[in-house]
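Q: With chain W held as given, fit chain Z with the ligands onto it using these hints.
Listed in order, the protein sequences are those of chains W and Z. For reference, each letter of the first sequence is one residue, going 1 to 113 in my numbering. For reference, each letter of the second sequence is one residue, going 1 to 239 in my numbering.
In short, the hints are calculated from the structure, not lab data. Any given hint could turn out to be false.
Across the chosen pairs, the derived CB separations fall in these ranges [what the hints assert, rightly or not]:
hint: 1; chain 1: W; residue 1: 84; chain 2: Z; residue 2: 48; range: 37 to 45 Å
hint: 2; chain 1: W; residue 1: 72; chain 2: Z; residue 2: 187; range: 25 to 33 Å
hint: 3; chain 1: Z; residue 1: 219; chain 2: W; residue 2: 94; range: 30 to 38 Å
hint: 4; chain 1: W; residue 1: 1; chain 2: Z; residue 2: 40; range: 23 to 31 Å
hint: 5; chain 1: Z; residue 1: 29; chain 2: W; residue 2: 59; range: 44 to 52 Å
hint: 6; chain 1: W; residue 1: 54; chain 2: Z; residue 2: 23; range: 49 to 57 Å
Lysine to any residue pairs mimicking SDA-like chemistry, simulated, CA-CA at most 20 Å apart [said to hold, decoys possible]:
hint: 7; chain 1: Z; residue 1: 77; chain 2: Z; residue 2: 97
hint: 8; chain 1: Z; residue 1: 205; chain 2: W; residue 2: 68
hint: 9; chain 1: Z; residue 1: 110; chain 2: W; residue 2: 1
hint: 10; chain 1: W; residue 1: 32; chain 2: Z; residue 2: 26
hint: 11; chain 1: Z; residue 1: 23; chain 2: W; residue 2: 95
hint: 12; chain 1: Z; residue 1: 205; chain 2: W; residue 2: 56
hint: 13; chain 1: W; residue 1: 61; chain 2: Z; residue 2: 124
hint: 14; chain 1: Z; residue 1: 205; chain 2: W; residue 2: 53
hint: 15; chain 1: Z; residue 1: 205; chain 2: W; residue 2: 63
hint: 16; chain 1: Z; residue 1: 211; chain 2: W; residue 2: 75
hint: 17; chain 1: Z; residue 1: 170; chain 2: Z; residue 2: 140
hint: 18; chain 1: Z; residue 1: 97; chain 2: Z; residue 2: 117
hint: 19; chain 1: Z; residue 1: 211; chain 2: W; residue 2: 98
hint: 20; chain 1: Z; residue 1: 23; chain 2: W; residue 2: 56
hint: 21; chain 1: Z; residue 1: 110; chain 2: W; residue 2: 32
hint: 22; chain 1: Z; residue 1: 154; chain 2: Z; residue 2: 47
hint: 23; chain 1: Z; residue 1: 205; chain 2: W; residue 2: 94
hint: 24; chain 1: Z; residue 1: 205; chain 2: Z; residue 2: 227
hint: 25; chain 1: Z; residue 1: 110; chain 2: W; residue 2: 38
hint: 26; chain 1: Z; residue 1: 23; chain 2: W; residue 2: 50
hint: 27; chain 1: Z; residue 1: 205; chain 2: W; residue 2: 38
hint: 28; chain 1: W; residue 1: 61; chain 2: Z; residue 2: 28
hint: 29; chain 1: Z; residue 1: 69; chain 2: Z; residue 2: 170
hint: 30; chain 1: W; residue 1: 61; chain 2: Z; residue 2: 69
hint: 31; chain 1: Z; residue 1: 110; chain 2: W; residue 2: 45
hint: 32; chain 1: Z; residue 1: 205; chain 2: W; residue 2: 91
Glycine included, every Cβ here is placed at the ideal spot set by N, Cα and C.
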Amino acid sequence: MHEYALSRNLFDLVEQEISARQVATPRAVTVKLGNLLAVNHEAFRLGFELASHGTALQQIKLNIENIAGRAHCRACGESYPMSEWYSPCEHCGSFDRDVLAGEEFHLVNMELE
Amino acid sequence: MCGTCGCDERKPESHAGKPAYVKIDLNRRVLERNVNYAEQNRRALQGGNRICINILSSPGSGKTSLLEKTLELSAEKNHIGVIEGDQYTDNDAQRLKKYGVEALQINTGKNCHLDAHSIHHALEDTRLQTCSLIFVENVGNLICPAMFDLGETKRVALLSVTEGEDKPLKYPEVFAHADLLLISKMDLLPYVPFDLDICIENALKINSCLKIIKLSTLNGEGLNEWLGWLDQLQVPVCA
Ligand SMILES: Nc1nc2c(ncn2[C@@H]2O[C@H](COP(=O)(O)OP(=O)(O)O)[C@@H](O)[C@H]2O)c(=O)[nH]1
Ligand SMILES: [Mg+2]
Ligand SMILES: [Zn+2]
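Chain W with its partners taken away, still in its complex shape:
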């Protein structure tokens, strides 16, 4: 399960931001997570809980913003929702595409009291 490694990366980023900005522990952080990525939200949450357990960061609420997949079809030029990696273009049925969205994985912001 790679989610723990991912949560660990998030934990380190939040810690860096707190110390670089000399601010108190945020009450929440928001992560943008594309739905084409193989990241299980619950495992990622659990990983963050484990990583922050026993530290000042354990009170942080983790908000996950799900980003829907979207692609640009190279065959017909239209764009279309890509709920799965195997979703064809809804206009022409082609799989020839550029992925426009759905692979985001960003720490968007933190909320301070």
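A: Just chain Z with the ligands, lined up with the frame of chain W:
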């Protein structure tokens, strides 16, 4: 819930016009550290005219066997190096050292993938300094390694005919970001109900640009094509 800021306070008037918290925009990639190391690796490889191939598959699809065969068939081996990723043991590195090449073993312990940081150190290792073609055998796992860019030149996925033709649909990320798919253990095709055409169709649904080679290390099918694919990567990249 409060409509002003999302806090648990139900009466917006209690805020007296100012929000109870501030939002600080960060917009940093969660895998920033890995992305940075991957970029460094890519630059170092390009600068040294070196090529690095990241090989991904489930355990047992034939990654080490393919490397053994590749080394066996390579007339010139001095320039080849291997980085072996496994959770435990240095068995695979030992298997490859027999062919007279440098093979570094990275044990990831509880981790299920290699990351760009571990590759960064391996590339700096003096034993790999003279190698211009470096194979990375990633930890056998069809999910976890896919998200970790190592800074590799090309990514190769292996899928053996005993694993089922639906795997590209079930574990799409590995296939979505691969440059080449090797369908391995083709010698076993007569013995398993594996629909090769459907497998290829599935893989192309995930990644229509995927190049596909069918091969067997046992009967030699596809090995020339694989060596040819490697050769065309090694065209000198001088400007
Ligand atoms: N029949 C057949 N068996 C193979 C082939 N390639 C590898 N194997 C066998 O598959 C098993 C796993 O191979 P290995 O190279 O260790 O896989 P890895 O875990 O991906 O490195 C071994 O028992 C190999 O002998 C092949 O082309 N045909
Ligand atoms: Mg192996
Ligand atoms: Zn289309």
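Q: Hints numbered earlier in the text: which of these fail when held up against the supplied structure?
A: Failing hints, ascending: 2, 5, 6, 11, 12, 13, 14, 15, 18, 21, 24, 26, 29 and 30.
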